[in-house]
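There are 2 protein chains.
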Amino acid sequence: MPIRDDFPDYLLAPDPRGSALSRAMSGIDQNGQAKNINVVEERPLTIFLNSQEIVTAMTIGDYPKYLALGFLYNQGMLSGADDVSSVQYDDELKTVVVRTKSQTDYEEKLKKKTRTSGCAVGTVFGDMMDGLQGVTLPAAEVRTSWLYALADKINRTPSLYLEAGAIHGTVLCQQDRPLVYMEDVGRHNAVDKVAGWLLAEQATAADKILYTTGRLTSEMVMKTALMGIPVLVSRSGFTAWAVEIAQDVGLTLVGRMRGQRFVCLAGHERLIRDADVSISTDSASLDSGR
Amino acid sequence: MPIRDDFPDYLLAPDPRGSALSRAMSGIDQNGQAKNINVVEERPLTIFLNSQEIVTAMTIGDYPKYLALGFLYNQGMLSGADDVSSVQYDDELKTVVVRTKSQTDYEEKLKKKTRTSGCAVGTVFGDMMDGLQGVTLPAAEVRTSWLYALADKINRTPSLYLEAGAIHGTVLCQQDRPLVYMEDVGRHNAVDKVAGWLLAEQATAADKILYTTGRLTSEMVMKTALMGIPVLVSRSGFTAWAVEIAQDVGLTLVGRMRGQRFVCLAGHERLIRDADVSISTDSASLDSGR
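So the sequence lines, in the order shown, correspond to chains A and G. Number 207 in numbering that gives the first Met the number 0 belongs to position 208 of the first sequence; there are no gaps in the numbering. Number 259 in numbering that gives the first Met the number 0 belongs to position 260 of the second sequence; there are no gaps in the numbering.
A couple of the hints might just be wrong.
Unchecked claim - Covered stretches of chain A (chain G as the covering partner; in silico rule of three or more C-beta atoms under 8 Å from a C-beta of chain G):
# : stretch
1 : 3-11
2 : 27-35
3 : 39-45
4 : 215-227
5 : 238-245
Stated by the list, open to error - Computed Cβ-Cβ distance ranges for the label pairs, DEER-style:
#  : chain 1 : residue 1 : chain 2 : residue 2 : range
6  : A       : Asp275    : G       : Ala33     : 16 to 22 Å
7  : A       : Asp275    : G       : Arg155    : 56 to 62 Å
8  : A       : Val134    : G       : Asn49     : 34 to 40 Å
9  : A       : Gly31     : G       : Ser25     : 50 to 56 Å
10 : G       : Asn49     : A       : Pro7      : 56 to 62 Å
11 : G       : Ala33     : A       : Ala138    : 18 to 24 Å
12 : A       : Glu200    : G       : Gln246    : 39 to 45 Å
13 : G       : Ser50     : A       : Asp129    : 43 to 49 Å
14 : A       : Gly17     : G       : Gln173    : 38 to 44 Å
15 : G       : Arg272    : A       : Ser84     : 55 to 61 Å
16 : G       : Glu91     : A       : Lys64     : 55 to 61 Å
17 : G       : Arg155    : A       : Ser84     : 53 to 59 Å
Since the hints were made in silico from the structure, they are not lab data. Even glycine gets a Cβ: it sits at the ideal position worked out from N, Cα and C.
Go ahead and model the full structure; you've got the sequences and the hints to work with.
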């Protein structure tokens with residue numbers, strides 16, 4: 000039974016009418032008239048690894064467990080699903096405790112923080128780069144017709160982004176099917192939630208495509224590669240380092256995708272151009288500029 | 000002597016042709032044709048406070064000293080300009096050392112990190128909220144005609160955002176004049192650079208307006224208030240907590256500004272609607288969706 004009749008592929012998709020995720024607020028418009036708009040909620044969530052407090056993340060609060068799992072995994076603090084013994088969320092305290100079978104001691108790591116361009120407090124930058132050393136991404140085939148279909152479906156999926164603004168979306172896809180659409184006020188929360196979902200569901204990453212509304216930065220590329228996903232796509236632009244890392248790890252990196260136009264700066268050998276690009280049907284996409 | 004003949008108000012404005020800030024990279028387009036595009040650089044910058052390594056920020060690298068000063072100030076690690084004895088940047092090591100007259104010891108604070116929605120590793124969340132306790136923002140008058148003029152000028156200012164995509168801009172303004180336009184790959188770097196500029200130049204904040212291309216989140220609002228700027232404007236959307244904080248500290252918060260439309264969710268008492276909104280001239284702005 001699909002969760003959305005209109006978009007039957009989704010396993011998880013945004014619920015714009017989820018009452019806990021946004022709120023009506025009142026103000027005035029340019030004419031001085033009273034105006035009510037829906038704005039997205041933003042709340043702190045404190046993530047613990049065993050008994051150690053790791054970080055407080057600001058999040059829309061829809062998937063605290065996936066966020067915690069994905070965050071810790073992307074920081075290199077979890078080796079994998081096997082290592083996790085429990086994940087407990089306390090809605091009153093707004094905390095998630097992830098417990099592992101192995102012992103952990105991250106006090107030293109927590110001393111060295113990297114503030115990346117992409118909203119990730121606590122990224123132990125050196126560890127992420129190290130984590131990439133052993134990464135090999137699968138050959139995989141990526142049809143451009145899939146990318147166009149994905150962009151079209153994702154742009155038309157009702158989301159908090161469309162309703163209330165102010166948030167980023169990252170969607171785990173397979174071929175031309177969007178499967179898991181995560182949103183959050185920071186684009187790195189959204190990608191961490193996808194990582195957490197992959198971990199919790201013990202799903203395959205090698206045959207997936209990651210689509211994001213956000214910029215293609217070094218951190219986005221690293222996280223995608225660490226998840227084992229070989230393709231990352233965005234309608235937004237790139238940074239040079241993101242491109243270099245993608246080239247190094249063999250990730251297919253497609254950006255500035257609007258309508259049928261795109262630029263691929265890494266891993267273009269995976270691309271199969273099977274769509275007819277002479278039909279210039281720019282879908283009614285949210286052209287977010289750059 | 001203005002730095003830009005076409006936009007004479009600017010004291011600091013982007014230099015899209017600044018060769019160190021972006022780079023041509025080659026790939027392929029949707030037709031499989033070779034394509035060269037300009038992409039923005041992203042580099043690590045390690046910030047020290049006295050002898051203590053605080054954080055490594057990913058930045059485009061144009062104003063390392065302002066970034067360091069502003070970051071530390073917004074974290075509550077600097078009391079003000081008077082406290083700073085020197086700021087040294089080492090271009091080879093990509094480090095900035097900010098030295099203060101008073102002693103500092105932030106090892107404890109560094110243990111508690113907040114990952115916010117807005118890209119700020121190392122935000123000591125509790126400290127920021129505490130820092131807001133004593134904040135009173137000035138009455139100030141904000142004419143809507145200024146806001147429209149600012150948006151128009153800022154949208155037309157050549158910037159890395161327009162050229163190479165992938166970055167956020169934050170502009171310190173006075174009335175209808177944009178003065179200091181900072182960009183970076185993360186929106187919180189851009190606002191920290193503005194804070195650093197205000198500190199280094201010992202400029203008045205009370206008569207300024209802060210304009211940003213990014214989302215109005217709790218962290219953006221807190222930093223604006225901590226800088227003493229009473230007005231924050233964006234073409235993007237809000238989060239609920241950002242609005243609550245703005246209401247608490249008495250900040251004027253204007254968002255979703257496109258053409259002549261906007262929504263003000265806090266501090267509307269400062270607004271003076273002096274523009275004729277019957278003329279629906281949507282400027283050729285970068286409508287970034289939400």
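Hints not upheld, ascending by number: Numbers 1, 7, 13, 16 - these are the hints that the structure violates, sorted from lowest upward.
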